[in-house]
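Number of protein chains: 2
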Amino acid sequence: MPADHTHASSGCFDTAAQDAVYRAIFTRRDVRSHFLPDPLDDEVLARLLMAAHHAPSVGFMQPWNFIVIRDLQRRQKVRDLFLAARQQELPHIAEERQALYRKLKLEGICESPLNLVVTCDRSRSQNSPLGRWHNPEMDLYSTVCAVQNFWLAARAEGVGVGWVSIIDREALKQVLAIPEHVVPVAYLCVGRVSEFALRPDLERHGWGNRLPLAELVMSEIFGGDGESGLKETVTGLCAGRTAA
Amino acid sequence: MPADHTHASSGCFDTAAQDAVYRAIFTRRDVRSHFLPDPLDDEVLARLLMAAHHAPSVGFMQPWNFIVIRDLQRRQKVRDLFLAARQQELPHIAEERQALYRKLKLEGICESPLNLVVTCDRSRSQNSPLGRWHNPEMDLYSTVCAVQNFWLAARAEGVGVGWVSIIDREALKQVLAIPEHVVPVAYLCVGRVSEFALRPDLERHGWGNRLPLAELVMSEIFGGDGESGLKETVTGLCAGRTAA
Chain F
1 MPADHTHASS
11 GCFDTAAQDA
21 VYRAIFTRRD
31 VRSHFLPDPL
41 DDEVLARLLM
51 AAHHAPSVGF
61 MQPWNFIVIR
71 DLQRRQKVRD
81 LFLAARQQEL
91 PHIAEERQAL
101 YRKLKLEGIC
111 ESPLNLVVTC
121 DRSRSQNSPL
131 GRWHNPEMDL
141 YSTVCAVQNF
151 WLAARAEGVG
161 VGWVSIIDRE
171 ALKQVLAIPE
181 HVVPVAYLCV
191 GRVSEFALRP
201 DLERHGWGNR
211 LPLAELVMSE
221 IFGGDGESGL
231 KETVTGLCAG
241 RTAA
Chain B
1 MPADHTHASS
11 GCFDTAAQDA
21 VYRAIFTRRD
31 VRSHFLPDPL
41 DDEVLARLLM
51 AAHHAPSVGF
61 MQPWNFIVIR
71 DLQRRQKVRD
81 LFLAARQQEL
91 PHIAEERQAL
101 YRKLKLEGIC
111 ESPLNLVVTC
121 DRSRSQNSPL
131 GRWHNPEMDL
141 YSTVCAVQNF
151 WLAARAEGVG
161 VGWVSIIDRE
171 ALKQVLAIPE
181 HVVPVAYLCV
191 GRVSEFALRP
201 DLERHGWGNR
211 LPLAELVMSE
221 IFGGDGESGL
231 KETVTGLCAG
241 RTAA
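Protein chains in written order, with UniProt numbering: chain F, 1 to 244; chain B, 1 to 244.
Each hint can be trusted.
If we take Cβ atoms under 7 Å as the criterion, some of the chain B residues that face chain F in the derived model are:
(1) G11
(2) A17
(3) F60
(4) F66
(5) D71
(6) A85
(7) I93
(8) L230
Calculated directly from the structure, the hints in this document are not laboratory data. Ideal Cβ placement from N, Cα and C applies to all residues, glycine included.
Next comes chain F alone, as it looks inside the complex (with noise of 0.2 Å):
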């Protein structure tokens, strides 16, 4: 577990800690392929979910609850949901694109050890909804700061995790017995992986490509010129990337 951060307030990171903490943000992928089926500790999935129990969350609601899945049968009834879904979305995919869709990886449901569900429950703001009266999307954006806390926590841990979202969610919530006010947010296969590809599995196989960031960038307002300081470091930023 890291050292006591409780009474760490202050200012930057030196360079080898924020080096670290970008280093879990570019080298943290979707796995859906290289899962291995040794157990996870108790003792890393107990730091993972309190790396998600302290992400932000709307009027400090923490709407979150965590399912963890280990039983194969559930897991295969829960792929069976995936494979129909996927069947369900084919149409829907550019009829040009549809070839590489059907080859595509997508899943590692029943090959990862584990399966964690991450929920958002709608009624937990004590009937005081701050921050939620006009946006009450609010508390399934905290829920997903916290799948990504987990992410890059377990990318530091050299845990894989990949995002299921093919899949029915109320085909889902009857498997999983989830009432009415509760909301799965993100499916997750979590496990030792034996490697983590160097780009995103859809780069890689050719479904897209990452966007140039500093076309990205506003200035203002939406489509605002301007910025060209920074745009032009932000490309600089790129090609480094790019060329290493």
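With chain F's structure known, arrange chain B on it following the hints.
Relative to the frame of chain F, chain B by itself:
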């Protein structure tokens, strides 16, 4: 900028690097009160944007844009939207908590040197909504992952970030000329800070307490008992952090 990670594919981080990742996660704060007026270097902002841009995204869609807002008049307009929204939200807060709600500082829109809006362009799937046929909201979730990457990288750089969620999104879209098919997912206040608070503001001010993590862990199905070993380990970890 961190060292090259293009070829970094292997496993676990060493203890110091893991510790840095956990430190970013545990000491990240939603900052509202401690902004310094110092401008943020383009180099730093570019690195934070790069971190955001390396978030996972459904179908490698990268649906985000980043609007950098520096103009104080524009920010004042946005702050007026916040003030109006807070007034509208107040009556929906439980009566006994309204006095506390009024006292909370919930934004740093004008004190921070810049604001950043992270948007989601919902049309960016090129007619191939991989992972979005059943769950179209996945692009919004990807955008939230980008926000959380930005937030954690910012913590490592000693930069504070606050997410303003009390705002009327349609009114905000008008002020920022955001088109119909684009959602402003997060309105962030960004800048150097005098300190990072030891605990979340809402916890310090008695709005809520951190929930006991072990009680949020379930086994196999929603509400499922089990995972007693994991729960004990979680409880031990939490006790360690509280006592420290």
